[in-house]
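> Each chain, written out:
There are 2 protein chains.
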Amino acid sequence: MQSSMTRLELNILGCGSATMTPRHQPSCQVLNVRDNLMMIDCGEGAQLGVRRMGLKLMRLNHIFISHLHGDHCFGLLGLISTMALLKRSNSLTIHTFKDGVELFSNMLDYFCRERPFEIRYNVIDTHKRVIWEDDAVTVTSFPLIHRVPAVGFLIAEKPKLRHIIGDETKRLGVPHYAMNSLRQGKDWTSPEGIIVPNEQLTTAADPAISYAYCSDTKFSRRVIQNVKGVDWLYHEATYDENLRLKAHKRHHSTAIEAATVAREAGVKQLIIGHFSKRYLDESLLLDEARSVFPNTRLANEGLVIDLNESEVRG
Amino acid sequence: MQSSMTRLELNILGCGSATMTPRHQPSCQVLNVRDNLMMIDCGEGAQLGVRRMGLKLMRLNHIFISHLHGDHCFGLLGLISTMALLKRSNSLTIHTFKDGVELFSNMLDYFCRERPFEIRYNVIDTHKRVIWEDDAVTVTSFPLIHRVPAVGFLIAEKPKLRHIIGDETKRLGVPHYAMNSLRQGKDWTSPEGIIVPNEQLTTAADPAISYAYCSDTKFSRRVIQNVKGVDWLYHEATYDENLRLKAHKRHHSTAIEAATVAREAGVKQLIIGHFSKRYLDESLLLDEARSVFPNTRLANEGLVIDLNESEVRG
Numbered sequence: 002m003q004s005s006m007t008r009l010e011l012n013i014l015g016c017g018s019a020t021m022t023p024r025h026q027p028s029c030q031v032l033n034v035r036d037n038l039m040m041i042d043c044g045e046g047a048q049l050g051v052r053r054m055g056l057k058l059m060r061l062n063h064i065f066i067s068h069l070h071g072d073h074c075f076g077l078l079g080l081i082s083t084m085a086l087l088k089r090s091n092s093l094t095i096h097t098f099k100d101g102v103e104l105f106s107n108m109l110d111y112f113c114r115e116r117p118f119e120i121r122y123n124v125i126d127t128h129k130r131v132i133w134e135d136d137a138v139t140v141t142s143f144p145l146i147h148r149v150p151a152v153g154f155l156i157a158e159k160p161k162l163r164h165i166i167g168d169e170t171k172r173l174g175v176p177h178y179a180m181n182s183l184r185q186g187k188d189w190t191s192p193e194g195i196i197v198p199n200e201q202l203t204t205a206a207d208p209a210i211s212y213a214y215c216s217d218t219k220f221s222r223r224v225i226q227n228v229k230g231v232d233w234l235y236h237e238a239t240y241d242e243n244l245r246l247k248a249h250k251r252h253h254s255t256a257i258e259a260a261t262v263a264r265e266a267g268v269k270q271l272i273i274g275h276f277s278k279r280y281l282d283e284s285l286l287l288d289e290a291r292s293v294f295p296n297t298r299l300a301n302e303g304l305v306i307d308l309n310e311s312e313v314r315g
Numbered sequence: 002m003q004s005s006m007t008r009l010e011l012n013i014l015g016c017g018s019a020t021m022t023p024r025h026q027p028s029c030q031v032l033n034v035r036d037n038l039m040m041i042d043c044g045e046g047a048q049l050g051v052r053r054m055g056l057k058l059m060r061l062n063h064i065f066i067s068h069l070h071g072d073h074c075f076g077l078l079g080l081i082s083t084m085a086l087l088k089r090s091n092s093l094t095i096h097t098f099k100d101g102v103e104l105f106s107n108m109l110d111y112f113c114r115e116r117p118f119e120i121r122y123n124v125i126d127t128h129k130r131v132i133w134e135d136d137a138v139t140v141t142s143f144p145l146i147h148r149v150p151a152v153g154f155l156i157a158e159k160p161k162l163r164h165i166i167g168d169e170t171k172r173l174g175v176p177h178y179a180m181n182s183l184r185q186g187k188d189w190t191s192p193e194g195i196i197v198p199n200e201q202l203t204t205a206a207d208p209a210i211s212y213a214y215c216s217d218t219k220f221s222r223r224v225i226q227n228v229k230g231v232d233w234l235y236h237e238a239t240y241d242e243n244l245r246l247k248a249h250k251r252h253h254s255t256a257i258e259a260a261t262v263a264r265e266a267g268v269k270q271l272i273i274g275h276f277s278k279r280y281l282d283e284s285l286l287l288d289e290a291r292s293v294f295p296n297t298r299l300a301n302e303g304l305v306i307d308l309n310e311s312e313v314r315g
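Protein sequences appear in the order of chains A and B. By this note's numbering, the letter at position 115 of the first sequence is numbered 116, and the numbering carries on one by one without gaps. By this note's numbering, the letter at position 100 of the second sequence is numbered 101, and the numbering carries on one by one without gaps.
Treat the hints with care, since some could be wrong.
Identical chains share a label here; the pair holds if one copy fits it or two copies do between them.
[As the list claims (entries may be wrong)] Taking lysine to any residue and the SDA-like style, the derived pairs with C-alpha atoms no more than 25 Å apart in a straight line are: (1) Lys247 x Ile196; (2) Lys57 x Arg24; (3) Lys99 x Asn199; (4) Lys278 x Pro117; (5) Lys159 x Tyr111; (6) Lys161 x Tyr111; (7) Lys278 x Pro23; (8) Lys250 x Asn181; (9) Lys187 x Arg291; (10) Lys129 x Gly186; (11) Lys129 x Asn107; (12) Lys129 x Leu285; (13) Lys159 x Ile132; (14) Lys229 x Thr94; (15) Lys187 x Val124; (16) Lys159 x Val305; (17) Lys57 x Asn301; (18) Lys278 x Arg52; (19) Lys250 x Thr170; (20) Lys99 x Glu115; (21) Lys129 x Thr141; (22) Lys278 x Cys113; (23) Lys278 x Glu115; (24) Lys129 x Glu302; (25) Lys187 x Pro23.
Think of the hints as simulated: they come from the structure by calculation, not from any bench.
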């Protein structure tokens, strides 16, 4: 079944918090949607993560920046400079707040002025709205609660096409031009006027998967509403429960709070990240989160998750 | 002998060229002068290099930027943000071109506005002149030949003090207050009016060491003049001899050109770096350089060189 599914993979390039450490890079992820790459946040060293994970820079056409803290965007400069050196030609769209457009366009116009490709900016704000869509997915921003304006991103696959039952369409002599209509769920009428119900000629479409990214944010009921029922949730879990006050003060979440969002929103799977550098490993955070929401896994640099999976593997 | 010498160590944090690779970071070095740290260039990921090499950020008070290409300065943003998180209080001086002051102060005022320390900017240009000095060293800029304004840095220890011969000063009853004068090479006159020559009471001072950094630059006779007789020379060697035309076109040097600078300038030791990412290892560059100047070594991330050494070790 899985091999017939359309590719939808999450690549974790960085899941540390503000300071780079030998263990963790700052925030950066790449979602591979049918071999088109979308980057979510772009901390320092993102270009190295791309290279280490063997991702094709030329297939990366959209970068979404959740908020303007350095650990979520300082990698843009090096990444885009490298794209210019590689003689990229297709345009790149950066989805970011207005201040980010001004700051980064200023830097890139100086350091990367001879780039052979266009950079487009899509100005986002903290409203919930569709900020981008193509044939495969819709990307919706929604507000997070942080020290500066911040948004989460909900990436939802559009409904997929039904699968043709080849033996049956062949037997009935369904012509090639009718296939798209069948895939969309319509019945087929033969030249003789006989209506063949769609269910006889196709099997169900693969499920459309949804993924939500929430980093950085304080625990919030509003976030729960906005990620209701998603298949996969990435939620920051900067601190353990002993540091809940610190988390609140700095507008971050604890692992238990992240897991509470997952449970209350009824998501299928939770990935936690944005770990404080104080943890030598994150097993404490994982244990705490699993006590509330068992279907939790830790993010880690180099981790690739097939979002078509219905069960957590690792 | 060596243990009595004042500390002078070169730490290589990055010696790759424009693109980060898993093998090499972009340009960044830290010179440890008697436990005061000076950074030369600050490519992306510099803060991680500092951490990996166990260097104390609080002891880093000066950053010298050779030119405004991203692979020599994009690390400033993350490094300085981390300094702010660590609650640094002492001021930091960045020595850079005028454009760099404008660009980086603009970014840092946004992303790092609540920093608890002052950033001072020392505006440099392509003239040869002393841009900074303290009790231990003088830092002189001199012009390089690159696609944008660029300078090399010559860091020269000031003459050191002579060593007291303790047994002799004790025997003659030289008082404590006279010691500094002895260290500076003056004779001592006893209360009885007897002049004791300095050579009887002291041994020679340790040699004052000099280090020159030349990256990025085309081969240039003028550079040779400016690094004449230094003890240690770091010179870029981006390409091998087969790519000499490419080197010239991009205003870079080949390994043989770097070695020619070292030989013609009569330096004691050469370190080559700023390697193109095309080399899986740099033995070709080392072999080529050594054919012209045997006393050459390759830079590498994590390498620490005691500049008091008189011989290349590795």
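> Next step is simple, just say for each hint if it's right about the structure.
Status of the hints after comparison with the structure:
Taking the shortest Cα distances, Lys247 and Ile196 never come within 25 Å of each other, neither inside one copy (66 Å) nor across copies (69 Å). Taking CA atoms no more than 25 Å apart as the test, Lys57 paired with Arg24 passes in both settings, with 24 Å inside one copy and 19 Å between copies. With identical chains, the CA atoms of Lys99 and Asn199 are never at most 25 Å apart, being 48 Å at best within one copy and 70 Å at best between copies. Taking the closest pair of Cα atoms, Lys278 and Pro117 come within 25 Å of each other only across two copies (21 Å); inside a single copy the shortest separation is 38 Å, beyond that limit.
For a Cα distance limit of 25 Å, the shortest separation of Lys159 from Tyr111 qualifies neither inside one copy, at 39 Å, nor across copies, at 38 Å. For the homomeric pair Lys161 and Tyr111, neither the shortest alpha-carbon distance inside one copy (43 Å) nor that between copies (43 Å) is at most 25 Å. Taking the shortest alpha-carbon separations for Lys278 and Pro23, both the intra-copy value of 10 Å and the inter-copy value of 22 Å come in at or below 25 Å. Taking the closest pair of Cα atoms, Lys250 and Asn181 never come within 25 Å of each other, the shortest separation being 54 Å inside a single copy and 54 Å across copies.
Within a single copy, Lys187 and Arg291 get their C-alpha atoms no closer than 44 Å, and across copies no closer than 75 Å, so neither meets the 25 Å cut-off. Taking the shortest Cα distances, Lys129 and Gly186 never come within 25 Å of each other, neither inside one copy (31 Å) nor across copies (76 Å). Taking identical chains as interchangeable, the C-alpha atoms of Lys129 and Asn107 are never at most 25 Å apart, the minima being 28 Å within one chain and 30 Å between chains. In this assembly of identical chains, the alpha carbons of Lys129 and Leu285 never lie at most 25 Å apart, being 33 Å within a copy and 56 Å across copies at closest.
For a Cα distance limit of 25 Å, the shortest separation of Lys159 from Ile132 inside one copy, 15 Å, qualifies, whereas the shortest one across copies, 60 Å, does not. In this assembly of identical chains, the alpha carbons of Lys229 and Thr94 never lie at most 25 Å apart, being 28 Å within a copy and 49 Å across copies at closest. In this assembly of identical chains, Lys187 and Val124 lie within 25 Å of each other by CA distance neither inside one copy nor across copies; the values are 39 Å within and 71 Å between. In the homo-oligomer, the alpha carbons of Lys159 and Val305 lie at most 25 Å apart inside one protomer (22 Å), although the nearest pairing across protomers, at 54 Å, exceeds that limit.
In this assembly of identical chains, Lys57 and Asn301 lie within 25 Å of each other by CA distance solely inside one copy; the values are 20 Å within and 27 Å between copies. With identical chains, the CA atoms of Lys278 and Arg52 are at most 25 Å apart both within one copy (24 Å) and between copies (12 Å). Taking the shortest alpha-carbon separations for Lys250 and Thr170, neither the intra-copy value of 62 Å nor the inter-copy value of 63 Å comes in at or below 25 Å. Taking the closest pair of Cα atoms, Lys99 and Glu115 come within 25 Å of each other both inside a single copy (23 Å) and across two copies (21 Å).
Taking the shortest Cα distances, Lys129 and Thr141 sit within 25 Å of each other inside one copy (7 Å), while across copies they are farther apart (55 Å). Proximity of Lys278 to Cys113 under the C-alpha cut-off of 25 Å is restricted to the inter-copy arrangement: shortest distance 19 Å between copies versus 32 Å within a copy. In this homomeric assembly, Lys278 and Glu115 come within 25 Å of each other (Cα to Cα) only across copies, at 21 Å, whereas the closest approach inside a single copy is 38 Å. In the homo-oligomer, the alpha carbons of Lys129 and Glu302 never lie at most 25 Å apart, since the shortest distance is 29 Å inside one protomer and 45 Å across protomers.
For a Cα distance limit of 25 Å, the shortest separation of Lys187 from Pro23 qualifies neither inside one copy, at 55 Å, nor across copies, at 52 Å.
The structure fails to meet hints 1, 3, 5, 6, 8, 9, 10, 11, 12, 14, 15, 19, 24 and 25 from the earlier list, while all remaining hints are met.
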